[in-house]
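Novice: The primary structure of each chain is shown beneath.
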Amino acid sequence: MFKPPLESALGLSGTQSALPFQLAIVMLGLSAAFGGTLVERNGPRWAMTVALICFSSGFLLSALGAATEQYWLIVLGYGFVGGIGLGIGYISPVSTLIKWFPDRPGMATGIAIMGFGGGALIASPWSAQMLESFGADNSGIALAFLVHGLSYAVFMLLGVVLVRVPNSAPEARGTARQAPAGPQVSANQAIRTPQFWCLWIVLCMNVTAGIGILEKAAPMITDFFADSSTPVSVTAAAGFVALLSAANMAGRIGWSSTSDLIGRKNIYRVYLGVGAVMYALIALFGDSSKPLFVLCALVILSFYGGGFATIPAYLKDLFGTYQVGAIHGRLLTAWSTAGVLGPLIVNWIADRQEEAGRHGASLYGLSFVIMIGLLVVGFVANELVRPVDPRHHIPAPKEADRVQRQQSESA
Amino acid sequence: MSSDSSQSPPSPDRRGLIAFAWVWVGVPLAYGLYELVRKATQLFTG
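Line by line, the protein sequences give chains A and B. For the first sequence, position 5 (counting from the first letter as 1) is numbered 5 according to the numbering used here, and the numbering increases by one without interruption. For the second sequence, position 37 (counting from the first letter as 1) is numbered 448 according to the numbering used here, and the numbering increases by one without interruption.
Because the hints were derived from the structure by calculation, they are not lab data. For clarity, every value in this text was computed on a predicted model and none was experimentally measured. All C-beta atoms, glycine included, are put in the ideal place defined by N, C-alpha and C. Treat the hints with care, since some could be wrong.
Calculated lysine to aspartate or glutamate pairs in the DMTMM-like style (CA-CA distance at most 25 Å, straight line) [unchecked claim]: (1) A:Lys-216 <-> A:Asp-227; (2) A:Lys-265 <-> A:Asp-389; (3) A:Lys-216 <-> B:Glu-446; (4) A:Lys-290 <-> B:Glu-446; (5) A:Lys-216 <-> A:Asp-351; (6) A:Lys-265 <-> A:Asp-103; (7) A:Lys-3 <-> B:Glu-446; (8) A:Lys-3 <-> A:Glu-69; (9) A:Lys-216 <-> A:Glu-355.
Computed list of chain A residues with no C-beta within reach of chain B, every gap over 12 Å [to be verified]: (10) Gln-22; (11) Phe-34; (12) Arg-45; (13) Tyr-71; (14) Trp-197; (15) Ile-262; (16) Val-277; (17) Asp-287.
With the hints as constraints, model all of the structure from the sequences given.
Specialist: Here's what the structure looks like:
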């Protein structure tokens, strides 16, 4: 939303104006990867406080940058400081919700990750309305950043005040201290297991496949039906993109909850296997039927969202709840990689095909074949996932001590 | 939910807080969903 106004208000190029947003995604991955252990050690309230301070102050710094026309302050504020807030805020509710719903981890992580999609759903029209009201010059952008920073601080504050891990402290129950059931693996140990890297590949491939559609959704549907009797208008293409967002969000809670019933490995078989079939259907018949094209794209996007939401529950199954937030944080580097890989493949191939004089659906044929190949790689990686070798498990008393400490801190 | 929290219903003051928290989250989300539906219908009408 802020990219075009920033370009015109501060005289920036497209590449320059994308910098704060790209840096924010990089910082999201890095802070989740490196801050995950701190989040586990200090508990969700501490993590959400850090997320609140970073996210809000990032907007306030950006407001200052826009008001004084100092672009580096916007990069530092929105990209660096705000990105850290995004990363810590993304992982902090995940392990907390898994502890609240130990018998429904898929639903729990679905709720947490759906929140991230839901946030984008709210922020997008809200930011657009604000820029319309305040004006798209530098003082209007500064005011919009300021209102964002203050509003997020107020909204996130309620989360900070209310969040707590379930009170299962032994003193409260009057029972002997117990460690959670199942295997428990530390974050440092988890990255030494083949299971972690198999899931890294699974997430990376699944996200890349989703980005394959998301990156060029509007031009793609327009190109596919450009030569048909019912071409797709610009407003209809925007409607298609909105529908994809809905599928993405619904997939997060819907498919992740389904994984509690059919199992994590099976749901990823669906995401990756059926996802590849959907890509094949679009490649073969997409340009002959608009409903088929739209349906297949919606299913792929729901799998994209589902893949994000189910991965922490998969990690919990394999590595336990001990440091699942930290392990999840480290796995998010797969997202950062896919964030580079997906757009690169789709844009590079579309550009080459255009140079070769192709048009319409044939611009994307090769990309789809590559996406199918990547999904097959992900499918094989998922098949290779086995229970973690007991030599990686931590001794039970150590985990019990950690659980007790965290509960007493957040109570 | 975990067995601890499901053993007894929340007290009246907690019920108010829970309702407030749902409204706090639900109102912005309803706004986002409304805008999404409004935009998505353009695929069929636009």
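Novice: Return the numbers of the hints above that this structure violates; sort them in rising order.
Specialist: none
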